[in-house]
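Whole structure, please, built from the sequences with the hints as guidance.
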Amino acid sequence: MILLKNGTFIHWQTLEFEEVDLLVEEGNGGKIVINPEIELTAGARIIDCKGRYITRSFACGHHHVYSALARGMGAPKKNPENFNEILQYIWWTLDKALDLEMVRYSALVTAIACAKNGVTFTVDHHASPNAVKGSLETIASAFEEVGVGHLLCYEITDRDGMDIARQGLEESAAYLGKKQGLVGLHASFTVGNETLKQAVQLAKQTSSGIHMHVAEAPSDQEHCQATYGNRVIERFADAGVLQFPKSILGHCLHLSEHERGLVAGSPVWIVQNMESNLNNSVGFFNSNGLGNRIMMGTDGMHSDMLRSAKSAFFAGHNFDSINYSETYRRFRNVHNYLHENSFTGDSDNNLVVLNYDSPTPLTANNFLGHFLFGIESRHVQHVISNGKQIIQDGNIITVNESEILLESGKQAIRLWERMK
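Position 58 (the sequence shown) corresponds to 58 in our numbering; numbering is contiguous.
Check each hint, because a few of them may be wrong.
[As the list claims (entries may be wrong)] Cut-off 16 Å, straight-line C-alpha distance, at most; resulting in silico cross-link-like pairs (EDC-like, lysine to aspartate or glutamate):
(1) K388 / E25
(2) K178 / E144
(3) K310 / E376
(4) K116 / E417
(5) K179 / E144
(6) K178 / E137
(7) K116 / E144
(8) K31 / E376
(9) K116 / E145
(10) K77 / E417
(11) K116 / D393
(12) K50 / E25
(13) K179 / E137
[What the hints assert, rightly or not] With beta-carbon atoms standing in for the labels, derived distance ranges:
(14) E19 / Q88: 30 to 40 Å
(15) M73 / I397: 25 to 35 Å
(16) P36 / G291: 37 to 47 Å
(17) E145 / D99: 16 to 26 Å
(18) S402 / K31: 26 to 36 Å
Derived from the structure by calculation, the hints contain no laboratory data. None of these values were measured; they are calculated from a predicted model. Heads up, the beta-carbon is just placed ideally off N, CA and C, and yes, glycines get one too.
See the structure below:
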(Lines of atoms letter the chains of each structure in order from A and count residues from 1; the text may use other names and numbers.)
(Lines give C-alpha, C1' and ligand atoms only; values in the text may rest on other atoms or scores of the structure.)
Protein backbone atom coordinates (compact mmCIF):
# COMPACT_ATOMS: atom_id res chain seq x y z
CA MET A 1 0.00 0.00 0.00
CA ILE A 2 0.99 3.61 -0.57
CA LEU A 3 0.02 6.52 1.67
CA LEU A 4 -0.08 9.89 -0.08
CA LYS A 5 0.16 12.42 2.76
CA ASN A 6 -0.77 16.09 2.98
CA GLY A 7 -1.95 16.43 -0.61
CA THR A 8 -4.81 18.27 -2.26
CA PHE A 9 -7.10 15.66 -3.83
CA ILE A 10 -9.06 16.78 -6.90
CA HIS A 11 -12.04 14.48 -7.43
CA TRP A 12 -11.90 13.81 -11.17
CA GLN A 13 -15.67 13.75 -11.67
CA THR A 14 -16.90 16.58 -9.42
CA LEU A 15 -13.66 18.64 -9.37
CA GLU A 16 -14.17 19.03 -5.62
CA PHE A 17 -10.92 19.93 -3.81
CA GLU A 18 -10.08 18.18 -0.54
CA GLU A 19 -7.01 18.30 1.71
CA VAL A 20 -6.30 14.62 2.43
CA ASP A 21 -4.14 11.73 3.33
CA LEU A 22 -4.89 9.08 0.72
CA LEU A 23 -4.33 5.35 1.19
CA VAL A 24 -3.91 3.50 -2.11
CA GLU A 25 -4.49 -0.25 -2.29
CA GLU A 26 -2.35 -2.24 -4.71
CA GLY A 27 -3.79 -4.53 -7.35
CA ASN A 28 -6.19 -4.58 -10.26
CA GLY A 29 -9.43 -3.06 -8.96
CA GLY A 30 -7.81 -1.71 -5.80
CA LYS A 31 -9.50 1.10 -3.91
CA ILE A 32 -8.44 4.36 -2.35
CA VAL A 33 -9.31 5.42 1.19
CA ILE A 34 -9.51 9.12 1.98
CA ASN A 35 -8.14 10.08 5.43
CA PRO A 36 -7.83 6.47 6.61
CA GLU A 37 -7.84 5.35 10.22
CA ILE A 38 -4.30 5.07 11.53
CA GLU A 39 -4.44 1.28 11.89
CA LEU A 40 -5.13 0.92 8.18
CA THR A 41 -1.86 2.63 7.26
CA ALA A 42 0.43 0.17 9.02
CA GLY A 43 3.21 -0.88 6.64
CA ALA A 44 2.22 1.60 3.95
CA ARG A 45 4.96 3.40 2.02
CA ILE A 46 4.60 7.15 2.55
CA ILE A 47 4.92 9.78 -0.17
CA ASP A 48 4.77 13.36 1.07
CA CYS A 49 2.47 15.35 -1.23
CA LYS A 50 2.53 18.67 0.57
CA GLY A 51 1.90 21.42 -1.97
CA ARG A 52 0.98 18.82 -4.59
CA TYR A 53 -2.29 17.96 -6.34
CA ILE A 54 -3.51 14.36 -6.54
CA THR A 55 -6.10 13.25 -9.07
CA ARG A 56 -7.12 10.35 -11.29
CA SER A 57 -4.44 9.49 -13.83
CA PHE A 58 -5.16 9.79 -17.54
CA ALA A 59 -6.09 7.32 -20.28
CA CYS A 60 -5.76 7.28 -24.08
CA GLY A 61 -8.71 6.18 -26.20
CA HIS A 62 -6.82 5.50 -29.45
CA HIS A 63 -3.09 4.96 -29.97
CA HIS A 64 -0.77 3.29 -32.49
CA VAL A 65 2.20 1.54 -30.89
CA TYR A 66 3.46 0.61 -34.35
CA SER A 67 4.35 4.25 -35.16
CA ALA A 68 6.70 4.70 -32.20
CA LEU A 69 9.94 4.25 -34.20
CA ALA A 70 8.92 6.64 -37.01
CA ARG A 71 10.29 9.79 -35.40
CA GLY A 72 13.12 11.20 -37.55
CA MET A 73 12.85 8.62 -40.34
CA GLY A 74 13.73 9.57 -43.91
CA ALA A 75 11.38 11.04 -46.48
CA PRO A 76 9.04 8.66 -48.33
CA LYS A 77 9.81 7.49 -51.86
CA LYS A 78 7.11 9.83 -53.13
CA ASN A 79 5.83 13.03 -51.59
CA PRO A 80 2.22 12.19 -50.67
CA GLU A 81 -0.39 14.34 -52.37
CA ASN A 82 -3.45 13.10 -50.45
CA PHE A 83 -4.44 11.03 -47.43
CA ASN A 84 -4.41 7.69 -49.27
CA GLU A 85 -0.86 8.37 -50.44
CA ILE A 86 0.17 9.27 -46.88
CA LEU A 87 -0.98 5.80 -45.88
CA GLN A 88 0.57 4.09 -48.88
CA TYR A 89 3.99 5.74 -48.87
CA ILE A 90 4.47 6.25 -45.13
CA TRP A 91 2.41 4.13 -42.72
CA TRP A 92 1.81 1.07 -44.86
CA THR A 93 5.48 1.06 -45.83
CA LEU A 94 6.42 1.25 -42.16
CA ASP A 95 4.02 -1.35 -40.76
CA LYS A 96 5.06 -3.94 -43.39
CA ALA A 97 8.70 -3.55 -42.31
CA LEU A 98 8.04 -4.36 -38.64
CA ASP A 99 9.07 -7.60 -36.99
CA LEU A 100 8.24 -8.72 -33.45
CA GLU A 101 11.43 -7.30 -31.94
CA MET A 102 10.62 -3.89 -33.39
CA VAL A 103 7.06 -4.25 -32.12
CA ARG A 104 8.35 -5.04 -28.64
CA TYR A 105 10.51 -1.92 -28.45
CA SER A 106 7.79 0.20 -30.03
CA ALA A 107 5.50 -0.94 -27.22
CA LEU A 108 8.10 -0.40 -24.49
CA VAL A 109 8.89 3.18 -25.51
CA THR A 110 5.19 3.95 -25.98
CA ALA A 111 4.34 2.62 -22.53
CA ILE A 112 7.19 4.60 -20.95
CA ALA A 113 6.05 7.78 -22.71
CA CYS A 114 2.48 7.17 -21.56
CA ALA A 115 3.57 6.66 -17.97
CA LYS A 116 5.74 9.80 -17.89
CA ASN A 117 2.76 11.78 -19.20
CA GLY A 118 0.47 10.44 -16.48
CA VAL A 119 -1.32 7.99 -18.80
CA THR A 120 -1.86 4.65 -17.04
CA PHE A 121 -4.22 3.01 -19.56
CA THR A 122 -4.02 2.89 -23.36
CA VAL A 123 -6.40 1.63 -26.05
CA ASP A 124 -4.17 0.59 -28.96
CA HIS A 125 -4.85 -0.24 -32.61
CA HIS A 126 -1.93 -2.24 -33.99
CA ALA A 127 -0.68 -3.22 -37.46
CA SER A 128 2.36 -5.31 -38.48
CA PRO A 129 1.23 -7.36 -41.50
CA ASN A 130 4.48 -9.32 -41.82
CA ALA A 131 4.59 -10.03 -38.08
CA VAL A 132 0.98 -10.69 -37.16
CA LYS A 133 1.17 -13.81 -35.01
CA GLY A 134 2.11 -13.00 -31.42
CA SER A 135 2.09 -9.25 -31.97
CA LEU A 136 -0.68 -8.49 -29.47
CA GLU A 137 0.86 -10.62 -26.73
CA THR A 138 4.22 -8.92 -27.44
CA ILE A 139 2.63 -5.49 -26.90
CA ALA A 140 0.72 -6.64 -23.81
CA SER A 141 3.87 -8.05 -22.23
CA ALA A 142 5.78 -4.81 -22.82
CA PHE A 143 2.99 -2.65 -21.39
CA GLU A 144 2.74 -4.87 -18.32
CA GLU A 145 6.51 -4.72 -17.82
CA VAL A 146 6.29 -0.93 -17.66
CA GLY A 147 3.07 -1.01 -15.62
CA VAL A 148 0.54 0.55 -18.03
CA GLY A 149 -2.93 -0.94 -18.53
CA HIS A 150 -4.08 -1.79 -22.04
CA LEU A 151 -6.93 -2.69 -24.35
CA LEU A 152 -5.44 -4.00 -27.59
CA CYS A 153 -6.58 -5.05 -31.03
CA TYR A 154 -4.98 -6.04 -34.33
CA GLU A 155 -5.89 -3.94 -37.38
CA ILE A 156 -7.43 -6.55 -39.72
CA THR A 157 -7.42 -5.49 -43.37
CA ASP A 158 -7.59 -6.93 -46.88
CA ARG A 159 -5.03 -4.48 -48.24
CA ASP A 160 -2.15 -6.97 -47.99
CA GLY A 161 -4.10 -9.96 -49.29
CA MET A 162 -6.59 -12.40 -47.87
CA ASP A 163 -3.97 -14.60 -46.22
CA ILE A 164 -2.79 -11.74 -44.00
CA ALA A 165 -6.42 -10.78 -43.33
CA ARG A 166 -6.97 -14.34 -42.13
CA GLN A 167 -3.86 -14.10 -39.92
CA GLY A 168 -5.28 -10.91 -38.40
CA LEU A 169 -8.54 -12.67 -37.54
CA GLU A 170 -6.63 -15.63 -36.07
CA GLU A 171 -4.36 -13.37 -33.99
CA SER A 172 -7.40 -11.51 -32.68
CA ALA A 173 -9.24 -14.72 -31.78
CA ALA A 174 -6.18 -16.20 -30.04
CA TYR A 175 -5.54 -13.05 -28.02
CA LEU A 176 -9.17 -12.52 -27.04
CA GLY A 177 -9.22 -16.08 -25.73
CA LYS A 178 -6.66 -15.03 -23.11
CA LYS A 179 -7.05 -11.31 -22.42
CA GLN A 180 -9.44 -8.40 -22.76
CA GLY A 181 -9.28 -6.66 -26.10
CA LEU A 182 -11.21 -5.61 -29.18
CA VAL A 183 -11.54 -6.80 -32.77
CA GLY A 184 -9.64 -4.31 -34.88
CA LEU A 185 -10.35 -3.34 -38.48
CA HIS A 186 -8.52 -0.74 -40.53
CA ALA A 187 -11.23 1.18 -42.42
CA SER A 188 -14.11 0.53 -44.79
CA PHE A 189 -12.04 1.08 -47.92
CA THR A 190 -9.57 -1.73 -47.08
CA VAL A 191 -12.03 -4.21 -45.56
CA GLY A 192 -14.23 -6.31 -47.86
CA ASN A 193 -17.60 -7.74 -46.97
CA GLU A 194 -16.36 -11.22 -46.04
CA THR A 195 -13.66 -9.91 -43.69
CA LEU A 196 -16.14 -7.47 -42.16
CA LYS A 197 -18.63 -10.29 -41.62
CA GLN A 198 -16.04 -12.52 -39.95
CA ALA A 199 -14.84 -9.67 -37.70
CA VAL A 200 -18.39 -8.95 -36.51
CA GLN A 201 -18.92 -12.66 -35.85
CA LEU A 202 -15.70 -12.77 -33.82
CA ALA A 203 -16.79 -9.75 -31.79
CA LYS A 204 -20.07 -11.52 -31.00
CA GLN A 205 -18.34 -14.77 -30.06
CA THR A 206 -15.90 -13.03 -27.74
CA SER A 207 -18.38 -10.49 -26.28
CA SER A 208 -16.10 -7.77 -27.61
CA GLY A 209 -16.50 -4.88 -30.05
CA ILE A 210 -15.02 -3.41 -33.21
CA HIS A 211 -12.27 -0.75 -33.15
CA MET A 212 -11.68 0.93 -36.50
CA HIS A 213 -11.09 4.16 -38.43
CA VAL A 214 -14.24 5.71 -39.85
CA ALA A 215 -14.56 8.38 -42.55
CA GLU A 216 -11.17 9.85 -41.68
CA ALA A 217 -10.95 11.30 -45.19
CA PRO A 218 -13.55 11.88 -47.91
CA SER A 219 -11.97 9.05 -49.93
CA ASP A 220 -13.35 6.51 -47.44
CA GLN A 221 -16.89 7.64 -48.21
CA GLU A 222 -16.24 7.85 -51.96
CA HIS A 223 -14.93 4.28 -52.05
CA CYS A 224 -17.83 2.97 -49.99
CA GLN A 225 -20.46 4.58 -52.19
CA ALA A 226 -18.76 3.43 -55.41
CA THR A 227 -18.12 -0.12 -54.17
CA TYR A 228 -21.04 -0.92 -51.88
CA GLY A 229 -23.70 1.60 -52.87
CA ASN A 230 -24.06 3.19 -49.44
CA ARG A 231 -22.15 5.33 -46.96
CA VAL A 232 -19.63 4.05 -44.41
CA ILE A 233 -21.83 4.17 -41.29
CA GLU A 234 -24.77 2.72 -43.22
CA ARG A 235 -22.54 -0.16 -44.33
CA PHE A 236 -21.33 -0.77 -40.79
CA ALA A 237 -24.85 -0.56 -39.37
CA ASP A 238 -26.01 -3.22 -41.85
CA ALA A 239 -23.03 -5.41 -40.90
CA GLY A 240 -23.74 -5.15 -37.15
CA VAL A 241 -20.75 -3.03 -36.08
CA LEU A 242 -23.00 -0.54 -34.29
CA GLN A 243 -24.61 -3.12 -32.02
CA PHE A 244 -21.64 -3.40 -29.66
CA PRO A 245 -21.27 -1.05 -26.65
CA LYS A 246 -17.54 -1.82 -26.77
CA SER A 247 -17.11 -0.63 -30.37
CA ILE A 248 -14.84 2.40 -30.93
CA LEU A 249 -15.13 4.44 -34.12
CA GLY A 250 -12.05 6.56 -34.76
CA HIS A 251 -12.20 10.03 -36.34
CA CYS A 252 -15.77 10.16 -37.81
CA LEU A 253 -15.03 13.38 -39.68
CA HIS A 254 -16.95 13.07 -42.93
CA LEU A 255 -20.39 11.85 -41.91
CA SER A 256 -23.79 12.86 -43.20
CA GLU A 257 -26.61 13.95 -40.91
CA HIS A 258 -28.22 10.53 -41.34
CA GLU A 259 -24.98 8.75 -40.39
CA ARG A 260 -24.60 10.93 -37.32
CA GLY A 261 -28.08 9.94 -36.26
CA LEU A 262 -27.26 6.25 -36.66
CA VAL A 263 -24.17 6.65 -34.49
CA ALA A 264 -25.99 8.71 -31.84
CA GLY A 265 -28.77 6.14 -31.68
CA SER A 266 -26.34 3.28 -31.08
CA PRO A 267 -24.27 2.28 -28.03
CA VAL A 268 -20.88 2.71 -29.75
CA TRP A 269 -18.20 5.21 -28.77
CA ILE A 270 -16.31 7.75 -30.87
CA VAL A 271 -12.69 8.79 -30.38
CA GLN A 272 -11.44 12.10 -31.78
CA ASN A 273 -7.80 12.67 -32.71
CA MET A 274 -7.40 16.35 -33.48
CA GLU A 275 -3.64 16.57 -34.01
CA SER A 276 -3.57 13.63 -36.38
CA ASN A 277 -6.39 15.19 -38.41
CA LEU A 278 -4.45 18.47 -38.56
CA ASN A 279 -1.25 16.67 -39.56
CA ASN A 280 -2.97 14.76 -42.37
CA SER A 281 -5.09 17.74 -43.52
CA VAL A 282 -8.24 15.62 -43.56
CA GLY A 283 -10.61 18.03 -41.80
CA PHE A 284 -11.89 19.00 -38.38
CA PHE A 285 -13.90 16.95 -35.92
CA ASN A 286 -17.47 18.18 -35.38
CA SER A 287 -19.50 16.55 -32.62
CA ASN A 288 -22.87 17.90 -33.77
CA GLY A 289 -25.45 15.12 -33.89
CA LEU A 290 -23.05 12.41 -32.68
CA GLY A 291 -24.26 12.13 -29.08
CA ASN A 292 -22.22 12.21 -25.88
CA ARG A 293 -20.09 9.06 -26.15
CA ILE A 294 -17.02 10.92 -27.39
CA MET A 295 -13.52 10.43 -25.98
CA MET A 296 -10.02 11.46 -27.00
CA GLY A 297 -6.95 9.74 -28.38
CA THR A 298 -3.58 10.54 -29.91
CA ASP A 299 -3.68 8.34 -33.04
CA GLY A 300 0.00 7.55 -32.50
CA MET A 301 1.13 11.16 -32.76
CA HIS A 302 2.45 11.10 -29.16
CA SER A 303 1.42 9.80 -25.73
CA ASP A 304 0.39 13.04 -24.03
CA MET A 305 -3.35 13.26 -23.37
CA LEU A 306 -3.13 16.71 -21.81
CA ARG A 307 -1.71 17.91 -25.11
CA SER A 308 -4.50 16.15 -27.02
CA ALA A 309 -7.15 17.86 -24.90
CA LYS A 310 -5.67 21.30 -25.48
CA SER A 311 -5.45 20.70 -29.23
CA ALA A 312 -9.06 19.51 -29.33
CA PHE A 313 -10.14 22.74 -27.64
CA PHE A 314 -7.91 25.23 -29.45
CA ALA A 315 -8.73 23.93 -32.93
CA GLY A 316 -12.18 22.64 -32.07
CA HIS A 317 -13.83 25.74 -30.74
CA ASN A 318 -13.66 27.17 -34.25
CA PHE A 319 -15.40 24.15 -35.79
CA ASP A 320 -17.14 22.23 -33.01
CA SER A 321 -19.54 22.68 -30.12
CA ILE A 322 -16.80 22.48 -27.51
CA ASN A 323 -16.03 24.59 -24.46
CA TYR A 324 -13.96 24.23 -21.28
CA SER A 325 -16.21 21.71 -19.56
CA GLU A 326 -16.90 19.71 -22.71
CA THR A 327 -13.17 19.40 -23.38
CA TYR A 328 -12.61 18.01 -19.90
CA ARG A 329 -15.61 15.69 -20.20
CA ARG A 330 -14.26 14.15 -23.41
CA PHE A 331 -10.77 13.95 -21.91
CA ARG A 332 -12.18 11.88 -19.03
CA ASN A 333 -14.78 9.94 -21.01
CA VAL A 334 -12.42 7.04 -21.69
CA HIS A 335 -12.76 6.09 -17.99
CA ASN A 336 -16.52 5.88 -18.47
CA TYR A 337 -16.08 3.74 -21.59
CA LEU A 338 -13.82 1.32 -19.72
CA HIS A 339 -16.02 1.21 -16.61
CA GLU A 340 -19.32 0.74 -18.44
CA ASN A 341 -17.87 -2.15 -20.41
CA SER A 342 -16.28 -3.80 -17.35
CA PHE A 343 -12.71 -3.61 -18.62
CA THR A 344 -10.08 -3.94 -15.91
CA GLY A 345 -6.96 -1.88 -15.24
CA ASP A 346 -8.44 1.59 -14.79
CA SER A 347 -9.76 1.61 -11.23
CA ASP A 348 -9.62 4.36 -8.61
CA ASN A 349 -6.07 3.36 -7.60
CA ASN A 350 -4.67 4.89 -10.79
CA LEU A 351 -3.44 8.31 -9.75
CA VAL A 352 -1.18 11.14 -10.76
CA VAL A 353 0.56 13.58 -8.41
CA LEU A 354 1.07 17.00 -9.99
CA ASN A 355 3.76 19.46 -8.94
CA TYR A 356 1.90 22.37 -10.47
CA ASP A 357 3.81 25.62 -10.04
CA SER A 358 0.97 28.00 -10.82
CA PRO A 359 1.53 31.74 -10.34
CA THR A 360 -2.21 32.10 -9.67
CA PRO A 361 -4.64 30.37 -7.29
CA LEU A 362 -6.08 26.99 -8.33
CA THR A 363 -9.55 26.19 -7.02
CA ALA A 364 -12.53 24.06 -7.94
CA ASN A 365 -14.10 27.13 -9.53
CA ASN A 366 -11.25 27.86 -11.92
CA PHE A 367 -9.81 24.36 -12.40
CA LEU A 368 -10.90 24.11 -16.04
CA GLY A 369 -8.99 27.29 -16.90
CA HIS A 370 -5.86 25.80 -15.37
CA PHE A 371 -6.54 22.47 -17.12
CA LEU A 372 -6.51 24.14 -20.54
CA PHE A 373 -3.99 26.93 -20.04
CA GLY A 374 -1.69 25.78 -17.27
CA ILE A 375 -1.36 22.11 -16.37
CA GLU A 376 1.07 20.24 -18.64
CA SER A 377 2.79 16.88 -18.65
CA ARG A 378 5.93 18.48 -17.19
CA HIS A 379 3.96 18.86 -13.95
CA VAL A 380 3.59 15.07 -13.58
CA GLN A 381 5.77 14.15 -10.59
CA HIS A 382 4.54 10.74 -9.46
CA VAL A 383 2.30 8.19 -11.16
CA ILE A 384 0.55 5.25 -9.52
CA SER A 385 -0.86 2.49 -11.75
CA ASN A 386 -3.08 -0.17 -10.18
CA GLY A 387 -1.78 0.92 -6.79
CA LYS A 388 1.88 0.53 -7.78
CA GLN A 389 4.18 3.52 -8.25
CA ILE A 390 5.65 3.53 -11.76
CA ILE A 391 6.86 7.16 -11.99
CA GLN A 392 8.88 8.77 -9.21
CA ASP A 393 9.97 12.38 -9.55
CA GLY A 394 9.31 12.22 -13.28
CA ASN A 395 11.36 9.05 -13.87
CA ILE A 396 10.18 5.56 -14.76
CA ILE A 397 11.12 3.12 -11.99
CA THR A 398 9.77 -0.19 -13.31
CA VAL A 399 12.20 -0.62 -16.23
CA ASN A 400 15.61 0.67 -17.29
CA GLU A 401 14.68 3.50 -19.65
CA SER A 402 18.26 4.20 -20.78
CA GLU A 403 18.81 0.62 -21.91
CA ILE A 404 15.44 0.50 -23.67
CA LEU A 405 16.07 3.76 -25.52
CA LEU A 406 19.52 2.57 -26.59
CA GLU A 407 18.06 -0.60 -28.05
CA SER A 408 15.03 1.15 -29.56
CA GLY A 409 17.43 3.39 -31.47
CA LYS A 410 19.05 0.30 -32.98
CA GLN A 411 15.65 -1.12 -33.86
CA ALA A 412 14.63 2.18 -35.47
CA ILE A 413 17.69 2.14 -37.75
CA ARG A 414 16.92 -1.45 -38.68
CA LEU A 415 13.32 -0.49 -39.43
CA TRP A 416 14.31 2.48 -41.59
CA GLU A 417 16.71 0.31 -43.60
CA ARG A 418 13.98 -2.24 -44.25
CA MET A 419 11.62 0.52 -45.36
CA LYS A 420 14.00 1.39 -48.20
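Hints versus structure:
| no. | hint | verdict |
| --- | --- | --- |
| 1 | K388 / E25 | holds, 8 Å |
| 2 | K178 / E144 | holds, 15 Å |
| 3 | K310 / E376 | holds, 10 Å |
| 4 | K116 / E417 | violated, 30 Å |
| 5 | K179 / E144 | holds, 12 Å |
| 6 | K178 / E137 | holds, 9 Å |
| 7 | K116 / E144 | holds, 15 Å |
| 8 | K31 / E376 | violated, 26 Å |
| 9 | K116 / E145 | holds, 15 Å |
| 10 | K77 / E417 | holds, 13 Å |
| 11 | K116 / D393 | holds, 10 Å |
| 12 | K50 / E25 | violated, 20 Å |
| 13 | K179 / E137 | holds, 9 Å |
| 14 | E19 / Q88: 30 to 40 Å | violated, 56 Å |
| 15 | M73 / I397: 25 to 35 Å | holds, 30 Å |
| 16 | P36 / G291: 37 to 47 Å | holds, 40 Å |
| 17 | E145 / D99: 16 to 26 Å | holds, 19 Å |
| 18 | S402 / K31: 26 to 36 Å | holds, 35 Å |
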